[in-house]
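*Asks:* Model the full structure from these sequences, guided by the hints.
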Amino acid sequence: MLAQQRQQAILERVRRTGGVRVADLVRDLGVSDMTIRRDLEALADRGLIEKVHGGATVAGPGSTEEPGFAAKSVRQQAEKEAIARAAAHLVRPGSAVALSAGTTTWTFAHHLVDVPDLTLITNSVRVAEVFHRSGRPGQTIVLVGGVRTPSDALVGPIAVQAIRSLNVDTLVLGVHGMNARAGFTTPNLLEAETDRELVAAAQQLVVLADHTKWGTVGISTIARLDRANVLVTDSGLDKEARDELAGHVGELIVAEPA
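For the sequence shown, full-length UniProt numbering assigns the number 1 to the initial residue and increments by one for each residue that follows.
Don't take each hint at face value.
What the hints assert, rightly or not - With a Cα cut of at most 20 Å, we get these calculated SDA-like pairs of lysine to any residue:
(1) 239 with 251
(2) 51 with 41
(3) 51 with 77
(4) 51 with 7
(5) 239 with 180
(6) 51 with 24
(7) 239 with 216
(8) 51 with 22
(9) 239 with 252
(10) 51 with 17
(11) 239 with 225
What the hints assert, rightly or not - Here are the simulated distance ranges between beta carbons:
(12) 119 with 38: 44 to 52 Å
(13) 116 with 239: 34 to 42 Å
(14) 238 with 30: 37 to 45 Å
(15) 246 with 169: 22 to 30 Å
(16) 29 with 167: 43 to 51 Å
(17) 147 with 212: 25 to 33 Å
(18) 9 with 224: 42 to 50 Å
It is worth saying that the hints were derived from the structure and are not from the lab. Cβ atoms here follow ideal geometry from the backbone N, Cα and C, with glycine treated the same way.
*Replies:* Next up, the structure:
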């Protein structure tokens, strides 16, 4: 396959799925890691994609643009893992916990599979798969129904109705963006409605958001900053943003990526 053909194939995959991983392209296209990275560099130079750590995503986000799960999963991987580790102690054995959809909550889910006697409610297909694969006995997993979004969330009237009848100890929420005026936001209107029901069902709200979420504003607000009992972020967040967030949320936890 010529370089031009290979780059066109990569571009089509990025546009179709929202993002690609270098490792997946190396395997699927049968070329070296360096060749794929040169292809991504060439596409990025033409403004067709955005290079991120470990892969590439579509370029040019807006308040209503919703990247797919694949696109988001290659962003800030070290930060998300640090956030997940730091938040793991917030979930107690025997509790009822809700997890919203998102790649940060998906990363966090891997730290919960060994928590005994856990009841987990989620609208994330990916999170449910993590627990399904683990096969740990003694855990109860509830996956609500609904319409599937690009980020593999189940949303809409069916999801809202299912969540409305529930009460959970803790909601662990992933967000698209956050700022002082708009609060915690998402680019998907139906997902915002579903997430608001999750917030209403929880006694405690824990938000997981890496530093790149600060200043990003999706079209719809899920909750105000002061609704969060705990916000877990990473050390990439600057001091001014930390000070502002600390003045709104109940507790600010800053994780250090490895």
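*Asks:* Assess, step by step, whether the Cα of residue 239 is no farther than 20 Å from the Cα of residue 180, and give holds or violated.
*Replies:* Distance of about 15 Å is within 20 Å: holds.
*Asks:* For the pair supplied as a hint, residue 239 and residue 251, is the alpha-carbon distance within the 20 Å limit?
*Replies:* holds, 15 Å
*Asks:* Would you mind confirming whether the straight-line C-alpha gap from residue 239 to residue 225 stays at or under 20 Å?
*Replies:* The hint holds at about 17 Å.
*Asks:* Check the hint pairing residue 239 with residue 216 against an upper bound of 20 Å on the C-alpha distance.
*Replies:* holds, 17 Å
*Asks:* Quick one, are residue 51 and residue 77 close enough, alpha carbons at most 20 Å?
*Replies:* holds, 14 Å
*Asks:* When you check the alpha-carbon spacing of residue 51 and residue 41, does it fall within 20 Å?
*Replies:* Measuring from Cα to Cα gives roughly 7 Å; hence the hint holds.
*Asks:* Checking one constraint from the list: CA of residue 51 to CA of residue 24, max 20 Å. Satisfied?
*Replies:* holds, 15 Å
*Asks:* Does the beta carbon distance between residue 119 and residue 38 stay inside 44 to 52 Å, or does it fall outside?
*Replies:* holds, 49 Å
*Asks:* Starting from residue 51, check that the Cα of residue 22 is at most 20 Å away, please.
*Replies:* OK: residue 51 and residue 22 at ~10 Å, within 20 Å.
*Asks:* Within 20 Å, alpha carbon to alpha carbon, are residue 51 and residue 7?
*Replies:* Within the cut-off at roughly 14 Å; holds.
*Asks:* Return holds or violated for the Cβ distance of residue 147 and residue 212 against the range 25 to 33 Å.
*Replies:* Since residue 147 and residue 212 have Cβ atoms about 27 Å apart, the given range 25 to 33 Å holds.
*Asks:* Go ahead and decide if the range 22 to 30 Å is satisfied by the Cβ distance of residue 246 to residue 169.
*Replies:* holds, 24 Å
In this structure, every one of the numbered hints holds.
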